[in-house]
Amino acid sequence: MGLRIKYHPILGEDLRKDVVSIEVDGRAIPAYEGEPIAAALIASDIKTLRKTKRIGEPRSLFCAKGVCTDCVMTVNGTPNIKTCITPVEKGMKIEKQEGLGKWREEPK
Amino acid sequence: MEGRAQMNEGEDIIICRCEEVSRNTIEDTIEQGCDTLDSIKRRTRAGMGLCQGRTCQRLIAGLLRNKTGKPLEELKPPNFRPPFRPISLDLLAQEGYRLRKEDELRGDGK
Amino acid sequence: MRTLRFNGVLSEEELMELPGFPSLDVIEKGKPVAVIECAEKIPCNPCEASCSQGAITIGEDINNLPSLDAYKCTGCGLCIAACPGLAIFVVRKAYTESDALISIPYEFLPLPEAGEQVEALDREGKKICLAKVAQVRNSKKYDRTPVVSFTVPKEKCMEVRHIRLL
Amino acid sequence: METELAVIGSGPAGLSAAIEAAKFGVKVTVVDENPKPGGQLFKQIHKFFGAEKHKAGVRGIDIGNQLLQQCQDFNVDVLLNTEAWAIFDNGKALGLKRGTDKIEKLSTKKLVLATGAMENSLAFSGWTLPGVLGAGAIQTLMNLHRVLPGQRVLIVGTGNVGLIVSYQLIQAGAEVVAVIDILPKIGGWGVHASKIRRLGIPIFTSHTVKKATGNGEVKGAVIAKVGPGYKIIQETERELKVDTIGIAVGLTPMAELAWSAGCQFAHVPELGGWAPIHNERMETTLQDIYVVGDVCGIGEASTAMEEGQISGIAAAESLGYLKRGKTEELLEEKRKRLDTLRGGPFATHTKAGKGKLMKRYYKS
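Listed in order, the protein sequences are those of chains A, B, C and D. Just so we're aligned, residue 3 is where the first sequence starts under this note's numbering, counting upward by one. Just so we're aligned, residue 1380 is where the second sequence starts under this note's numbering, counting upward by one. Just so we're aligned, residue 45 is where the third sequence starts under this note's numbering, counting upward by one. Just so we're aligned, residue 3 is where the fourth sequence starts under this note's numbering, counting upward by one.
None of these hints come from the bench; they were simulated from the model. The model shown is predicted, which means the values in this text are computed figures rather than measured ones. Treat the hints with caution; some may be incorrect.
Said to hold, decoys possible - The list that follows gives simulated cross-link-like pairs (lysine-lysine, BS3-like), each with its CA atoms no further than 27 Å apart:
#: 1; chain 1: C; residue 1: K184; chain 2: A; residue 2: K8
#: 2; chain 1: A; residue 1: K8; chain 2: D; residue 2: K221
#: 3; chain 1: A; residue 1: K53; chain 2: D; residue 2: K243
#: 4; chain 1: D; residue 1: K111; chain 2: B; residue 2: K1480
#: 5; chain 1: A; residue 1: K95; chain 2: D; residue 2: K104
#: 6; chain 1: C; residue 1: K85; chain 2: D; residue 2: K353
#: 7; chain 1: D; residue 1: K38; chain 2: A; residue 2: K95
#: 8; chain 1: D; residue 1: K365; chain 2: B; residue 2: K1455
#: 9; chain 1: D; residue 1: K38; chain 2: A; residue 2: K98
#: 10; chain 1: D; residue 1: K338; chain 2: C; residue 2: K184
#: 11; chain 1: D; residue 1: K358; chain 2: B; residue 2: K1449
#: 12; chain 1: C; residue 1: K85; chain 2: D; residue 2: K365
#: 13; chain 1: A; residue 1: K55; chain 2: D; residue 2: K221
#: 14; chain 1: D; residue 1: K187; chain 2: C; residue 2: K85
#: 15; chain 1: D; residue 1: K187; chain 2: C; residue 2: K170
#: 16; chain 1: D; residue 1: K111; chain 2: D; residue 2: K353
#: 17; chain 1: C; residue 1: K170; chain 2: D; residue 2: K227
#: 18; chain 1: D; residue 1: K325; chain 2: B; residue 2: K1480
#: 19; chain 1: C; residue 1: K171; chain 2: D; residue 2: K243
#: 20; chain 1: D; residue 1: K233; chain 2: C; residue 2: K185
#: 21; chain 1: C; residue 1: K85; chain 2: D; residue 2: K338
#: 22; chain 1: D; residue 1: K227; chain 2: B; residue 2: K1446
#: 23; chain 1: A; residue 1: K92; chain 2: D; residue 2: K338
#: 24; chain 1: C; residue 1: K116; chain 2: D; residue 2: K55
#: 25; chain 1: D; residue 1: K338; chain 2: D; residue 2: K353
#: 26; chain 1: B; residue 1: K1480; chain 2: D; residue 2: K107
#: 27; chain 1: D; residue 1: K338; chain 2: D; residue 2: K57
#: 28; chain 1: A; residue 1: K53; chain 2: A; residue 2: K92
#: 29; chain 1: D; residue 1: K104; chain 2: A; residue 2: K104
#: 30; chain 1: D; residue 1: K94; chain 2: D; residue 2: K365
#: 31; chain 1: D; residue 1: K233; chain 2: B; residue 2: K1449
Said to hold, decoys possible - Computed footprint of chain C on chain D; a stretch qualifies when at least three of its residues, placed anywhere within it, have a C-beta under 8 Å from a C-beta of chain C:
#: 32; segment: 40-54
#: 33; segment: 195-203
#: 34; segment: 248-257
#: 35; segment: 341-353
Don't be surprised by glycine CBs; every beta carbon is placed ideally from N, CA and C.
Chain A on its own, in the form it takes in the complex (with noise of 0.2 Å):
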């Protein structure tokens, strides 16, 4: 986790122990429960969230406020999810999405 913080002079010592797993396109990568699942991915060097449905140009987060939907993935099987403001639950499985993405056939 290269990009995590871990000491910081203003923040102190990160001190969160509460470490779980999530399925990113079918890797298992660690991410601290409750932090946004966008700033997990990219702790993992994972930076394209999604890409675009007519170009398929790949996005990352943009405005990491819940405002520009840049960082929309799939989550648990439902598209257009905000990755930026969505907080991390243990198990939760995420996929990049393709364009405007697609719902899971049948909703458990």
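Starting from the known structure of chain A, arrange chains B, C and D on it as the hints suggest.
Positioned in the frame of chain A, the structure of chains B, C and D alone reads:
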């Protein structure tokens, strides 16, 4: 300053990130006579995506001002209509149904 | 142009005009004295309250520039951490025969330790000489703005304003 | 759900409004779409300017914690993960979406909109690449969530946000390769500029970013000098090796709820564009709706808190919790503080802009 220096000259770049509408497309539309944010939105979908124009509206207003000379005071944002945040129709319908049931139970359903 | 508004660095002329800048003969005398490099009318006055000697005055309108009474100033350095703009330094030119002691706010990790050799940087971040850390103060009162004091050759004392760890 | 005063947005303005009204007994409900309250306060890890008597020299994060404590002390209800997606009946009812799957209606007597602002965009070739993001977004990511956006950063814009974020990137352990601005002068406070200059960060004024390079993510930034008319001067282009480009070119009020409710607006460039018209009590042209903080003109956290308090007092009076005489006395004190905070040369524009908004209020 506003709007003027927000992009470099003569480049075809994406302006509306959600709907992937380029500068050229928007400028062509303006040349064809669209001179409000609303008409550009209807014509090109710029500002109609998930973010509802929050990211690109200012950029488009800048293009409009540069092309038409219209002052920014005259470029009102298109109408904001709810929902202001993405919300699934399924959820809305469920709530509508629930509220109607409630009204019926209270006996004031219309 | 080498002025604050054009490159973020106060020019010598700009510095000389500041009411918080002690006169050069006070500095020359060598006692520790605050150097307040605050040049714009910011609505801000914590420095005034931080000074137990009443050496810093802003007055009723908090937009006023801080002015320093260099004769009242004991160079205690409490204002260094109190200044939200990190624009106050303490210079003691006659620390030893050859060296001046400079105190600066330093909000970075790792913190240097007393005795450590570091690079001394000017207002543009350019290395101009070496410095030796004398003291690091980081009490609760400073609220996470540690104050680092270090020695540099006397003649550099009005140029050096930051350090970089080696 | 029912309340007496609904506040949308739990930033410095919204929380201050809520606390002030609750102090006088008003039942207050704050709504925020974020999982944590505080708005942009908790990413402000620097000490604030201001009057020593009123939280100057205190870091934004600590002010945030003080406000949250006060919310508890005065029984302010704060609904998090809650989006206000619609506004009905002249602000008397709100459509809320709570979490991902619950819709609820909130009825209220008075409404304070403290929805803040959105960062302005800057369109250049490659600006959609991962690695280009708002400077405020960088601040959120690193100071709130403790993750760096990258290792080597170019900041575009020398306003206070650009300068402060640059300093904080160094504090967090990243490298800031340069800070550039298309204007010939630095936009933000000199002390913030000096802070990063002595760290060795160059500031290039009269420079623009021409493009972000890289395939799939940012690998570099081509910057160039601009001449008259902000046109790029040929042969001044050079590429900086960066993995992150932070855009800090100002803010725009985020006021769609006020638009949709039917509040009247004015275009005031000094305040960041379109802003809802309001009076000295922060009332909009619609009775019962107040606007405070960045949503009615880009300002500082300190002024946002004063505006919030003013609206809280005004709302408390109109709900019958405060007598007219006492109200005027309290408001006068807050207005004086606002005037002082906007008394310096850097706030002349904001002050003029606010004057325009209020003039329009009395015309309408």
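Going through the hints against the structure:
1. K184(C) - K8(A): Since the Cα atoms of K184(C) and K8(A) sit roughly 22 Å apart, the hinted pair holds (cutoff 27 Å).
2. K8(A) - K221(D): holds (25 Å)
3. K53(A) - K243(D): holds (25 Å)
4. K111(D) - K1480(B): holds (26 Å)
5. K95(A) - K104(D): holds (21 Å)
6. K85(C) - K353(D): holds (15 Å)
7. K38(D) - K95(A): OK: K38(D) and K95(A) at ~23 Å, within 27 Å.
8. K365(D) - K1455(B): holds (20 Å)
9. K38(D) - K98(A): holds (25 Å)
10. K338(D) - K184(C): The hint is violated at about 32 Å.
11. K358(D) - K1449(B): holds (21 Å)
12. K85(C) - K365(D): This hinted pair is violated, its Cα atoms lying about 33 Å apart.
13. K55(A) - K221(D): Distance ~24 Å between K55(A) and K221(D) Cα, so the pair holds.
14. K187(D) - K85(C): It holds: about 17 Å lies between the C-alpha atoms, which stays within 27 Å.
15. K187(D) - K170(C): holds (22 Å)
16. K111(D) - K353(D): violated (30 Å)
17. K170(C) - K227(D): holds (23 Å)
18. K325(D) - K1480(B): violated (43 Å)
19. K171(C) - K243(D): Cα-Cα ~23 Å, so holds.
20. K233(D) - K185(C): violated (50 Å)
21. K85(C) - K338(D): Cα-Cα ~18 Å, so holds.
22. K227(D) - K1446(B): Holds - the C-alpha atoms of K1446(B) and K227(D) are around 24 Å apart, at most 27 Å.
23. K92(A) - K338(D): Answer violated: K92(A) to K338(D) is near 50 Å, above 27 Å.
24. K116(C) - K55(D): holds (24 Å)
25. K338(D) - K353(D): Holds. K338(D) to K353(D) sits at ~13 Å (cutoff 27 Å).
26. K1480(B) - K107(D): holds (15 Å)
27. K338(D) - K57(D): holds (16 Å)
28. K53(A) - K92(A): holds (25 Å)
29. K104(D) - K104(A): holds (22 Å)
30. K94(D) - K365(D): holds (25 Å)
31. K233(D) - K1449(B): holds (22 Å)
32. 40-54: With 7 residues close enough to chain C, the hint holds.
33. 195-203: Satisfied; 9 residues make the cut.
34. 248-257: Result for this restraint: violated, n = 0.
35. 341-353: Per the Cβ count (8), the hint holds.
Of the numbered hints given earlier, the model fails hints 10, 12, 16, 18, 20, 23 and 34; all others are met.
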